[in-house]
Amino acid sequence: MVWRAFRRIVVTLALVAALGLLLWNVYLHDLQPDKRGIHLLLDDGRNAWPVARWYDHLWYARQLVGEWGYVVELIRADDLDVARWQYFMNICADLHLRPILRLATSYDRENGWWRAPDADADGSYSTLAAQYAAFVAALQWPIDRHYVIVGNEPNHGGEWSGRPDAAAYARFLIDTASALHSADPYALVLNAGFDPYTPHTGSQPFADGMYYMDEESFLDGMIAAYPAVFASIDLWASHVYPQGLFTAPPWVQSYGRDLLNDATNPAHVAPPPGIVNRGINGYVWELWKLGTYGIVDLPVMITETGWRHTESTDVNALDDAPLPLPDAVTVADYIDLAFYGNAGRYPQYPESGWTPWSADARVIAVTPFALNGLPAEWGHGNWLALDAHGAVLDTYAVFDRLAQSAP
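Heads up: the sequence shown begins at 1 in my numbering, then just goes up one per residue.
Careful: at least some of the hints might be erroneous.
[Unchecked claim] Simulated DEER-style distance windows between Cβ atoms:
1. Ala-77 to Arg-362: 28 to 36 Å
2. Pro-324 to Pro-347: 32 to 40 Å
3. Val-269 to Asn-90: 41 to 49 Å
4. Ser-203 to Val-329: 26 to 34 Å
5. Arg-84 to Ala-403: 43 to 51 Å
Derived from the structure by calculation, the hints contain no laboratory data. This one's a predicted model, so the numbers in the text were calculated from it and none came from an experiment. No residue lacks a Cβ here, since even glycine has one placed at the ideal position from N, Cα and C.
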């Protein structure tokens, strides 16, 4: 009798220990995923693939990023359809993918820009923020970290009704982050990624009729209007594209800013030598700049990066460049080097000049742009070779190279 009771106790303790170990492993896995991810374009705000194509495209994403890799997807303010996007979440759960949602406004086709969010009568964005928050909270997520990006490149006129407004975006970010955190205790909010190549056009528009601001002037404007704005976010979203209109290799990096017309920034602070803002480690300047505001230790998600390649299933794709594009095999080399460094694997390329993303503890996720855009617009940046209806015809070398080493 004593032996049976003792055996039951031992078995119970063993089961409890096993369960605890399992839960601990799950917890560690949730905290320490691989950094690999990909930016999706199931819906790019202007064009959307039929829902019937989603599973197929996400299956390819899973082959690329591995178990619980990251996927970024844009959600428009005029498409906060919980049932529609729950299907996306269900696919992510089925394929073991970590979603990152990028909240967008809506696209104005007549003017060719993204609309600035509608402010309330008191100047706040409480109404739209509450709508976003209710949508995010209503979704059943596959993980307990609900990553949400608020906006996109607001220092572009094309992302803010033709003219950027640093103070307005700061208020929009504060209000949306507050609503998200209140509605969803698992929400982790990121800023909109900024474009470090954008010039400041001052009081005159650019050739396309829109106004632009360099990233530093925009950040300084946000801080001037709302000094605690970045206390609202949990992580930092960064767009770190290579130089040369997305063609230069990883080791080509520099610091620069462009002020046009009468543009000035009295708050400008020159960074120390070695701090770059243009290239695949451009987040280093952003973190340094945040440090000048007293903001430290924000984990970085690189939510856009990548190269364009000469191949495209649409020969008239709008993302072609005036500079010669590298082929997809060269792009595969570059993305592999950017992630993992060289260490003698590519004798034809340098060993230094960049910090591999996998080796930088400040970077927790990298989601290159993009897997599956409409070929007529995104053909040279796509990692999947798609036809005009979204059917997968093939995969490009950049996809194949990374998929071979998927976690």
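Index of numbered hints that the structure contradicts, given in increasing order: 2, 4 and 5
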